[in-house]
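*Asks:* These protein sequence lines are chains A and B, in that order. So in my numbering, spot 57 of the first sequence is number 89, and the numbers just go up one at a time. So in my numbering, spot 182 of the second sequence is number 187, and the numbers just go up one at a time.
Source of the hints: derived by calculation from the structure; they are not laboratory data. One or more of the hints may lead you astray.
Derived lysine-lysine pairs resembling DSSO-like cross-links, with alpha carbons at most 30 Å apart [what the hints assert, rightly or not]: (1) K35/A to K110/B; (2) K60/A to K503/A; (3) K254/B to K242/A; (4) K169/A to K11/B; (5) K209/B to K242/A; (6) K60/A to K110/B; (7) K110/B to K324/A; (8) K97/B to K343/A; (9) K503/A to K107/B; (10) K35/A to K349/A; (11) K60/A to K107/B; (12) K287/B to K254/B; (13) K110/B to K348/A; (14) K439/A to K254/B; (15) K505/A to K11/B; (16) K97/B to K348/A.
None of the values given here were measured: they were computed from a predicted structure.
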Amino acid sequence: MTKIVIEPVTRIEGHLRIEVITENNEIKEARSSGTLFRGLEIILQGRDPGDAPIYTQRICGLCTTSHSMASALTLDSAFGIADEIPDNGRILRNLILGAAHIADHILHFYHLATLDYVDMTRIANYDGSDSTLNSIKRLAEADELRLFTAGHEGDYRLSDKANMELVAHYIRALEMRRKAQEMLSIFGGKMPHNMAIVPGGVTTTPSTDKMLSFLWRLNELRDFINNVYIPDILTIAEAYSDYFEIGAGCGNLLSYGNFELDDERRFLNSGTVSTKLKPSPLDIDKIWEQVKYSWYASSTTGRHPRQAETKPEPNKKGAYSWIKAPRYDGKAYEAGPLARIMVNYANGNQVVKNLVDSALAQLKLSPKAMFSVLGRHIARALYTKLIADAMPVWLLQLRPEEPAYIKSTVPEQATGMGLIEAARGALGHWIEIKDHKIANYQCITPSTWNLSPKDDRGQPGPMEQALIGTKMKDENTPLEIGRIIRSFDPCLACAVHLVTPKGGNIDTLHIT
Amino acid sequence: MLATMKIEEFPAIWYQAANCGGCSISIFNSVSPGIENILIDEIIPGKHINLRFHTTIMAAEGNAAVRLLENSKKANEDNYILIVEGAIPTAKNGTYGTTVNKDGKRVPMATQLQSLAQDASVIIALGTCAAFGGIAAAQPNPTGCMGVDQFLNARRITTPLINVPGCPPHPDWFTGTIASLLLYGPPKPEELDEYKRPKTFYNKPIHENCPRRAYFEEGKFATSFGELGCLNELGCKGPVTYADCPLRKWNNGINWCIGAGSPCISCCEPGFPDLVSPFYQKLNATSLPL
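Chain B with its partners taken away, still in its complex shape:
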């Protein structure tokens, strides 16, 4: 019986830096397991991910919240999963994003995150901002934002990192990554691609499995929204975007960007948004696969 099984707790800290909250909202949209299961149940029998700190939903506030963060870190040194949402502002000594420590001292998010990252067992950079800088780091990058990987490299922090990008990331990409961590520990290098993304989810270009692919082969292209045809002329970045959206679809498998007649904007690639915009401008033909 599950009830008598010893339950292994996996403490986790969810840290929000220069974010918009969209990654959290996307994970709240998780189905099987639902967010309710993630918060209270063992998502793998006998294994419970124990979220200790998440400022959007936690009951505590003010110093009680800060204490919870610092105590969770101390009590689980080298044994907690750190989930980062948002990019890290580093310009002007990090003063564009600040928070307080438990003594009430004002500290840059960058300082707090560095300390959390050093002592984590593994880090998940959730969303394109945390993975690569994303929208927060778009030109002219007024706050000097950067993704976790770049941030850690500059500080020689070697904690294992998994990037789960997307603006927002699909909830399955997150729950699948967590389940793999709980069952098998941090991924082996060959399980991640060159951008440290799990190959399970970011393996094939959108274009390869797109239901509008046949139109592309026939040379039938939509020139205005609402028309049938491949969305290449309308700026679709599916050929240069690696994710399983066409197969998995979004929001309980109900729809996805191209399903709504809208081109892919390449939201899970390191070049988002500067290298893939204007979003509705046709992709340079030389970058299309043969």
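Chain A extracted, bound-state conformation:
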């Protein structure tokens, strides 16, 4: 048996350590742990409830907008104004959140994930006239391209031409994700950490000139998504097609749905689905957090998040993570774009069905292939297209110069809940207000679902399950591990800290 440790896992948000035990090149056990704990939920206690969106955004500088949105919905419900948000406020929130997801998914694919499949050092072979590529080539020749050098030979399969094109798109995508954040700031004030989303709606009043400015940035982004992002993911999918059979994970998907169209309906439905593609409605009461393998007092296990308690017990025996293990109906569920897409696919959403079926037809694959490393990337790209195509319609529903905000007061006592889809998946906030102050604030982030440790029954978390059973070509350069991890787009900023598990009689191999 060999133990492989990857720390730091780079090109993700936050500080992550991955440890796997292998036998005959096959992963037998996997443990994922965050290595930083900040305790934002503790910091929130006793503060003014209205400030929660400002604090919770700073849980994460990437998912920032999603946290402000979940927090605002939580406060809307606690303040009793959830049904009174002006249409302008609802629509502007959707546009701000949609812009954030476009920026996030472009960033994830190009700047976090592509270097798993693209070798930037092959730029040495470039003999064209593109000034950007020649700048990179100059750096490579001067041996100054270390930031983009993996430090090992690897399984990189693209042709020189396709590889070079992806490098050029990596650079172009830097500009496109920036433009998506600029688009967001038209209504959001600034990015990261928008200032506009508050309980009661949005602080900005829409105007026609702002709408036009938003629309034309969106048009440019849609052109990029359709003609660059989606073709690029398909190029990688064709070259690495075995990754449709790697990293399937737990096979259960959960989504809270997203983008309120009115008081009742969301643009994407909530629900759960498994590999059999039979959808079920979401039942929030089936969510419990378990802590047998987490550093929290065992007396707090099995609680619903609204009754959750955070009682740290750093030296608890057998525990290996600060992440709790949320489970739905007692089982591990995966959150993320794949869940958003497949829940709505199984529900018969025609637009989603057409998008997925046409991508699968081009790749000659069945829907089951979506439960994989590449399936997650494809779902993310299709989701980006889906919302970017819907946003112009929402934009034109705005009524210029009319209110986007309704005033409210903080009640003496209340509870509230806000469930949305962050870019990385299902995000829930829960608040308990006492004496007009925050008595308790709990967040379950998508990465809590995906990176959770084993639960009380010993079932590994979704990402651990995706790693277990994977056969590696070469233990010394286990590219499979990084590719599986990054397909989940992990985001660790909100939690956690790790103690090294006990070694035993196994060799530790730090990857080189």
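Chain B: place on chain A using the hints.
*Replies:* What follows is chain B alone, placed relative to chain A:
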């Protein structure tokens, strides 16, 4: 011709401690120079800032990444720019934030950062967490977080420090600081304010150049979001916040907090967040300038 000019390399290490990633994302939003220029071009002709280590974007991972960090440090002793993002957790011997060294040993971020700080030529504490502790150090500060200045003082490390706070910092504040370093070296004491911030960017209160200032003079105050008027009643901290946001604006000059009808939350001051919250509560009148 630029192509034949000898290029001077300025190695830089970007170290993330107790952070949220927002400072990195903000710098990725840089325009003129764009982040692509910062990563691959000479941002000043003949001078190239060479980022060796940044865990959010670097290709290497695991031990290869750690080796890159340690080798870059060794090869450029006393000659690298250290950029710190995030506060430094120090409670319980730093165990709330840990990482590994190249031998695979678990070490607190605080230990690794101390060693990086000692041998740097200059340190940029990027963002309010790195500069002053910020959100990570908010009461009750469960992880004992502190900013770089306090951290260095406690350890008698005298490496020159520039604070570039903001939650997040504006990308121009960062690129402007870097350009000045490349051209003229570390700033002279008179170029920094009492909180070690470059005066170029943090010189005047927001209130002084605010486009809503005229409303304040007229006594016209907004009492609900979306109304015209000065945002003082809604909790604006512009009078006690020193930054050039009203003139520079954010995200390619498109907008800024007050432009979106939202009060300034004083995110680049040492008192953020504890002394300036509740954010939407009116500032005590005695602290308004005459």
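*Asks:* All hints, please: hold or fail.
*Replies:* Status of the hints after comparison with the structure:
no.: 1; hint: K35/A to K110/B; result: 15 Å, holds
no.: 2; hint: K60/A to K503/A; result: 10 Å, holds
no.: 3; hint: K254/B to K242/A; result: 16 Å, holds
no.: 4; hint: K169/A to K11/B; result: 16 Å, holds
no.: 5; hint: K209/B to K242/A; result: 29 Å, holds
no.: 6; hint: K60/A to K110/B; result: 24 Å, holds
no.: 7; hint: K110/B to K324/A; result: 27 Å, holds
no.: 8; hint: K97/B to K343/A; result: 17 Å, holds
no.: 9; hint: K503/A to K107/B; result: 26 Å, holds
no.: 10; hint: K35/A to K349/A; result: 21 Å, holds
no.: 11; hint: K60/A to K107/B; result: 25 Å, holds
no.: 12; hint: K287/B to K254/B; result: 24 Å, holds
no.: 13; hint: K110/B to K348/A; result: 22 Å, holds
no.: 14; hint: K439/A to K254/B; result: 27 Å, holds
no.: 15; hint: K505/A to K11/B; result: 43 Å, violated
no.: 16; hint: K97/B to K348/A; result: 16 Å, holds
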